[in-house]
Amino acid sequence: MNENFLSDLSKLERIVSLSLDMDAKQKGEVLDRINALKSKSGIDISELIDRLTNINISTYNAIFDKKADKLTKSNIVNYVVLMLNLKGSRTIDNTLAFLENFNANIHKRSSYLQRIQGLKEKKGLIGVRQRSCVVPKKNGFEKRRVEVEPVFR
Amino acid sequence: MENELVVSGENGIKYTIKVIDIFTVEGYPDKEYIAYTFEEPIDEENIKAYISILKETETDFALLGISDKEEFEVVKNSFFNMVDEK
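Protein sequences, first through last, are from chains A and B. The C-terminal residue of the first sequence carries number 153 in the numbering used here, and the numbering is unbroken. The C-terminal residue of the second sequence carries number 86 in the numbering used here, and the numbering is unbroken.
Everything labelled a hint here was simulated from the structure, so no lab data went into it. Keep in mind it's a predicted model, so treat the numbers as computed, not measured. You may find that some hints are simply not true.
To be verified - Once the Cα atoms are required to be at most 27 Å apart in a straight line, the calculated DSS-like pairs of lysine-lysine come out as:
1) B/LYS48 / A/LYS122
2) A/LYS120 / B/LYS48
3) B/LYS31 / A/LYS27
4) A/LYS137 / A/LYS120
5) B/LYS31 / B/LYS55
6) B/LYS18 / A/LYS27
7) A/LYS25 / B/LYS31
8) A/LYS122 / B/LYS31
9) B/LYS14 / B/LYS55
10) B/LYS31 / B/LYS69
11) B/LYS14 / B/LYS48
12) B/LYS14 / A/LYS27
13) B/LYS55 / A/LYS27
14) B/LYS31 / B/LYS48
15) B/LYS18 / A/LYS123
16) A/LYS137 / B/LYS48
17) B/LYS55 / A/LYS25
18) A/LYS120 / B/LYS14
19) A/LYS122 / B/LYS14
20) B/LYS14 / A/LYS25
21) B/LYS18 / B/LYS31
22) B/LYS55 / A/LYS122
23) A/LYS27 / B/LYS69
24) B/LYS69 / B/LYS55
25) B/LYS31 / B/LYS14
26) B/LYS18 / B/LYS69
27) A/LYS25 / B/LYS18
28) B/LYS69 / B/LYS48
29) A/LYS27 / B/LYS48
30) B/LYS18 / B/LYS55
31) B/LYS48 / B/LYS18
32) A/LYS137 / B/LYS14
Unchecked claim - Sample of chain B residues facing chain A (criterion: CB under 8 Å; computed from the structure):
33) VAL19
34) ILE22
35) VAL25
36) GLU26
37) GLY27
38) ILE47
39) THR59
40) ASP60
Backbone N, C-alpha and C define an ideal beta-carbon position, used for all residues, glycine too.
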C-alpha cells in the first residue's frame with residue numbers, strides 16, 4: 001500500500017474525529033473501516049469500495065455509480081470525504097485544515113461567549129477617554145484603516 | 001444579543017457595546033484588551049471600533065483607555081492580525 005494513501009487514511013481518521021455531522025457510533029464505524037484499510041497489505045479496489053459503501057450514507061452513492069475498477073485511490077479518499085458530508089471540491093488537506101480551524105474557532109468562540117456572559121453579570125464602567133480605529137462593517141478587516149485620535153465620550 | 005454588554009459612563013449614562021473580541025497581546029502579559037463598537041458608522045462600509053484595557057474584579061469590570069500611544073499601536077496591530085485570520 002503506498003505511503004501517500006496511508007497518509008491520506010490517517011488524515012481521514014482525523015477528519016472523521018472532527019466531523020460535526022456524525023454521532024459517536026457513526027464515527028466509530030467509519031474509523032473501524034479506515035483502520036481495516038490501513039491494516040491491509042495490498043489494495044483490493046472492489047473490497048475497498050464494498051467496505052466504504054457499507055457506510056449507510058446513500059446520498060453520495062449515486063455520485064460514484066461507476067464500476068469499481070474505474071475508481072482510483074484518490075477517488076476512494078474523495079468518496080469518504082463526500083460521505084462525511086463535506087464539499088467534493090475540497091481536497092483532503094484543505095478539508096482537514098478547514099475542520100481543524102473550525103474546531104479551534106468553535107472552542108475559541110465558546111470561551112469568548114462564556115467570558116462575555118461572565119461580564120454581563122457584573123457592573124461595567126467605561127472610561128472617558130478611549131482610542132478608536134476604523135474597521136469595515138463586515139469581516140475581512142483591513143490594516144490600512146486610519147486610526148483616529150483619542151475621543152471623549 | 002449574546003455579544004452585547006451594558007456599561008456606565010462617568011456621566012452616569014449607560015451605553016451598550018458590541019464586543020468584537022477579548023484578547024491578550026505579547027509584550028503586555030498583565031493586561032487584557034477588549035475590542036468593541038457602538039456601531040457608529042464612518043461611511044457606508046466602515047464603522048468605528050474601540051480597543052480598551054479590560055480590568056475585571058469579582059464584582060465589576062472597567063474599560064480603560066489606552067493612554068500610551070506605542071502600546072495602542074501594538075495592540076491595534078495585534079487586533080487587526082487576529083481579525084485578518086478569521
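Hints, one by one, checked against the model:
For the proposed pair B/LYS48 and A/LYS122, the alpha carbon gap of about 25 Å is at most 27 Å, so the pair holds. About 23 Å separates the Cα atoms of A/LYS120 and B/LYS48, which keeps this hinted pair within 27 Å; it holds. Note on B/LYS31 and A/LYS27: the hinted pairing is violated, with a Cα-Cα distance of about 42 Å set against a maximum of 27 Å. Distance hint between A/LYS137 and A/LYS120 is fulfilled; the C-alpha atoms sit about 24 Å from each other, no more than 27 Å.
Between B/LYS31 and B/LYS55 the CA atoms are separated by roughly 8 Å; this keeps the pair inside 27 Å, and the hint holds. Using a Cα cut-off of 27 Å, the hinted pair B/LYS18 and A/LYS27 is violated, with the two alpha carbons roughly 38 Å apart. Simply put, A/LYS25 and B/LYS31 have alpha-carbon atoms about 44 Å apart, too far for the 27 Å limit, and the pair is violated. For the given pair, A/LYS122 sits about 19 Å from B/LYS31 by alpha-carbon distance, which is consistent with the 27 Å threshold.
Between B/LYS14 and B/LYS55 the alpha-carbon distance is near 18 Å, which keeps this suggested pair within the 27 Å criterion. Between B/LYS31 and B/LYS69 the CA atoms are separated by roughly 15 Å; this keeps the pair inside 27 Å, and the hint holds. This hinted pair checks out: B/LYS14 and B/LYS48 have alpha carbons roughly 19 Å apart, not beyond 27 Å. Between B/LYS14 and A/LYS27 the alpha-carbon distance is near 49 Å, which puts this suggested pair outside the 27 Å criterion.
Using a Cα cut-off of 27 Å, the hinted pair B/LYS55 and A/LYS27 is violated, with the two alpha carbons roughly 43 Å apart. Under the criterion of a C-alpha separation no larger than 27 Å, the hint pairing B/LYS31 with B/LYS48 is consistent with the structure, at around 23 Å. Taken as a hint, the B/LYS18 and A/LYS123 pair is honoured in the structure, with Cα atoms around 16 Å apart against an allowance of 27 Å. Proposed proximity of A/LYS137 and B/LYS48 is supported: the alpha carbons are some 9 Å apart, at most 27 Å.
Of the pairs offered as hints, the one joining B/LYS55 and A/LYS25 is violated, with about 45 Å between alpha carbons and a cut-off of 27 Å exceeded. A hinted pair counts as satisfied when its Cα atoms are at most 27 Å apart, and A/LYS120 with B/LYS14 qualifies at roughly 14 Å. Straight-line distance between C-alpha atoms of A/LYS122 and B/LYS14 comes to about 14 Å, which keeps the hinted pair within the 27 Å bound. Proximity of B/LYS14 to A/LYS25 is assessed by CA-CA distance (about 50 Å); at most 27 Å being required, the pair is judged violated.
Our distance criterion of 27 Å between C-alpha atoms is met by B/LYS18 and B/LYS31, whose separation comes to about 20 Å. For a cut-off of 27 Å, the pair hint linking B/LYS55 to A/LYS122 stands: about 12 Å separates their Cα positions. A threshold of 27 Å between alpha carbons decides the hint, and for A/LYS27 with B/LYS69 the separation of about 52 Å lies outside it, so the pair is violated. For the proposed pair B/LYS69 and B/LYS55, the alpha carbon gap of about 19 Å is at most 27 Å, so the pair holds.
Distance hint between B/LYS31 and B/LYS14 is fulfilled; the C-alpha atoms sit about 25 Å from each other, no more than 27 Å. Among the hinted pairs, B/LYS18 with B/LYS69 is consistent with the structure: their alpha-carbon atoms are about 24 Å apart, no more than 27 Å. At most 27 Å may separate the alpha-carbon atoms for a hinted pair to count; A/LYS25 and B/LYS18 exceed this at roughly 40 Å. A hinted pair counts as satisfied when its Cα atoms are at most 27 Å apart, and B/LYS69 with B/LYS48 qualifies at roughly 18 Å.
Distance check on the hinted pair: A/LYS27 and B/LYS48 sit about 45 Å apart at the alpha-carbon level, beyond 27 Å; violated. Note on B/LYS18 and B/LYS55: the hinted pairing holds, with a Cα-Cα distance of about 17 Å set against a maximum of 27 Å. With a C-alpha separation of about 12 Å, the suggested pair B/LYS48 and B/LYS18 falls inside the 27 Å cut-off, and the hint holds. The hinted pair formed by A/LYS137 and B/LYS14 meets the criterion: a straight-line CA distance of about 23 Å does not exceed 27 Å.
Residue-level restraint check for B/VAL19 holds (minimum Cβ-Cβ distance to chain A is 6 Å; threshold 8 Å). Below 8 Å, beta-carbon pairs count as interface contacts, and B/ILE22 has one with chain A at about 5 Å; its hint therefore holds. For B/VAL25, the interface hint is violated, the least distance from its beta-carbon to any beta-carbon of chain A being 14 Å, above 8 Å. With its C-beta approaching chain A no nearer than about 17 Å, B/GLU26 sits outside the 8 Å limit, and its interface hint is violated.
Proximity of B/GLY27 to chain A is violated relative to the hint, the smallest CB-CB distance being about 17 Å (cut-off 8 Å). Nearest Cβ of chain A to the Cβ of B/ILE47: about 5 Å, under the 8 Å cut. The hint holds. Using the Cβ-Cβ criterion of 8 Å, the hint placing B/THR59 at the interface with chain A is satisfied: the shortest such distance is roughly 6 Å. For B/ASP60, the interface hint holds, since its Cβ comes within 8 Å of a Cβ in chain A; the closest pair sits about 5 Å apart.
Checked against the numbered hints above, the structure breaks hints 3, 6, 7, 12, 13, 17, 20, 23, 27, 29, 35, 36 and 37 and satisfies the rest.
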